[in-house]
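**Student:** What follows is each chain in one-letter form.
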Amino acid sequence: MCDDLPVRPWFPLLSVLAITALAQPLSAQCASNASSCVTCHETQGLRPVLDSAQIWHVDHGFGDLCASCHGGDPASPTKEEAHLGLRQPLADAANSCTGCHTDDSSKYAERYLRAAVSMAPPPHVTPPTTVPPKVTASPTANRVLISLAALLSVALFFAVRHARATESRPLLSCLRDKIWSPYSAGVLLGLVVAFAEVICGRPLALSGAFDKLAAYLGRWLFPSSQYYGHIMTAGVTWQVWLMVGVLAGSFASSKLSGEARFRWLPDTQWEPRFGASRTLRLVVAFFGAVLVQMGAGIAGGCTSGLAISGGAVLAPAAFLFMLGMFAGGIPVAWFWYRERAA
Amino acid sequence: MLDVFKALMLGLLFGWSLQKAGLTHYARIVNVYRFRDMTVIRFMLTALVVGAVGIQLGIELGFATNAPIPPTSMLSNVVGGVIFGVGMASAGYCPGTIVAEAGEGRLDAWLGGLSGLIVGALAFGLLQPMIMPSLARVGALGRVTLATLTGASPWLVLLVFGQVIVLMLILIGRMGNDTTNPPPAGD
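Residue numbers (numbering that gives the first Met the number 0), protein chains in the order written: chain G, 0 to 341; chain P, 0 to 186.
To be clear, the hints were calculated from the coordinates, so they are not data collected in a lab. Glycine residues also receive a C-beta, built at the ideal position from the N, C-alpha and C atoms. Please note that a few of the clues may not be correct.
Simulated DEER-style distance windows between Cβ atoms [claimed, not checked]: (1) S133/P x V159/G: 46 to 52 Å; (2) L60/P x N141/G: 19 to 25 Å; (3) R173/P x W333/G: 20 to 26 Å; (4) F4/P x S172/G: 38 to 44 Å; (5) Y336/G x M73/P: 28 to 34 Å; (6) L60/P x H229/G: 36 to 42 Å.
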């Protein structure tokens with residue numbers, strides 16, 4: 000069952016070796032995302048634009064829109080190239096908004112100019128060298144965490160005292176197993192997440208692939224949509240290839256274990272509760288998937304892209320998302336499987 | 000080109016791990032919300048802690064200056080999560096497992112799941128300009144992490160985070176109530 004994998008001493012060592020061997024230092028990490036602006040300007044709490052009191056930033060924080068107003072080339076790998084043609088939007092407020100707000104740009108320009116004047120000093124006079132909010136080392140937080148770590152160490156010591164030893168067996172035979180221990184599979188996924196984040200500079204996100212593919216349909220159906228014109232442009236992106244990989248990986252895994260075969264219904268639990276109707280399964284599958292994708296859009300990612308990848312960089316967004324998942328899922332699961340009045 | 004290759008390889012291992020963990024089963028996913036099968040939680044928490052250590056190590060060793068951090072805006076994170084949870088607990092799907100289910104030959108995932116994802120993405124595209132600008136503003140903290148938020152050392156935050164998760168894993172392991180274990184797979 001490969002149950003013993005995570006506790007084998009060579010495993011962590013192997014992960015470290017794998018990360019170091021296959022990685023090359025990224026000099027141009029900044030260009031590895033769709034919008035390099037955000038990657039450089041808004042990471043690790045430095046210059047968080049969304050945090051600023053500047054309403055034009057807050058208003059546009061829902062997408063990677065920097066270049067629409069500021070100009071420049073977000074796709075360039077070097078700072079010099081990316082900053083070519085940068086504009087100071089408020090210096091020419093009348094024209095800055097017309098790129099997206101074709102009909103009513105003056106409305107926004109006036110509002111922003113008013114807000115800018117009321118701020119001291121006005122940002123269009125002082126170039127936007129927004130003072131990076133200093134990440135000050137907080138001794139109190141450190142001390143609290145050290146005490147917490149000490150307490151948890153004691154708890155962990157008692158918890159693992161009874162850890163049982165398991166037999167080991169040849170590694171390759173694991174490939175044909177129908178199922179792995181969730182811990183072994185989890186270690187693999189964790190390494191994949193770390194790789195994607197560190198080497199590719201991307202979260203391991205799948206929901207975005209469907210946004211990008213749906214955008215082909217979206218821009219054709221709604222040609223005047225701002226969203227499909229500027230925010231969600233269609234494209235076969237990195238995430239789409241990731242999705243193709245997932246399809247292949249699942250096929251390979253199920254083929255090797257003899258699990259791959261065509262079927263219409265889930266193997267267990269569905270039929271006793273909902274019956275053998277294929278139509279019903281398809282309808283529930285369809286609407287479930289619609290909700291899942293919409294939820295991922297609103298939250299900013301799915302289980303892999305936000306909960307796991309975001310959680311692995313310790314972003315609060317991930318934990319809030321998981322909280323919401325359970326808040327939504329528990330009552331619904333109860334509803335489907337409630338005791339029906341006899 | 001190299002980028003596409005990396006994406007395919009990572010996707011391959013991702014899909015492999017989903018299938019091997021048994022996340023391609025409707026019952027596995029739904030039973031998390033009924034507290035009858037904690038496989039998904041074990042899988043996710045393990046991935047979280049390994050991923051977190053790997054990322055911090057990668058940054059420390061200089062392979063990257065930073066990792067992309069998703070923006071926190073409390074209301075939209077939670078509201079999105081609730082909608083996501085409703086769909087997940089009904090169909091037993093999340094975007095990743097739909098693709099993995101399609102990979103092992105499930106036709107409900109091909110026909111219902113994948114088309115649902117595309118339609119869901121379109122629906123979000125229509126709603127986005129109406130709801131997101133106001134929704135995303137509530138409790139918007141920007142691209143923060145627990146470390147930047149508290150001002151503590153990232154390694155220390157990571158240590159406590161890892162300890163909490165490992166403790167949770169051990170406690171959940173003690174519960175030992177995986178009713179879909181042995182897996183429903185395999186005829």
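**Student:** Run through the hints listed earlier and report the numbers of any the structure violates, in increasing order.
**Tutor:** Hint check: 4 fails alone, others pass.
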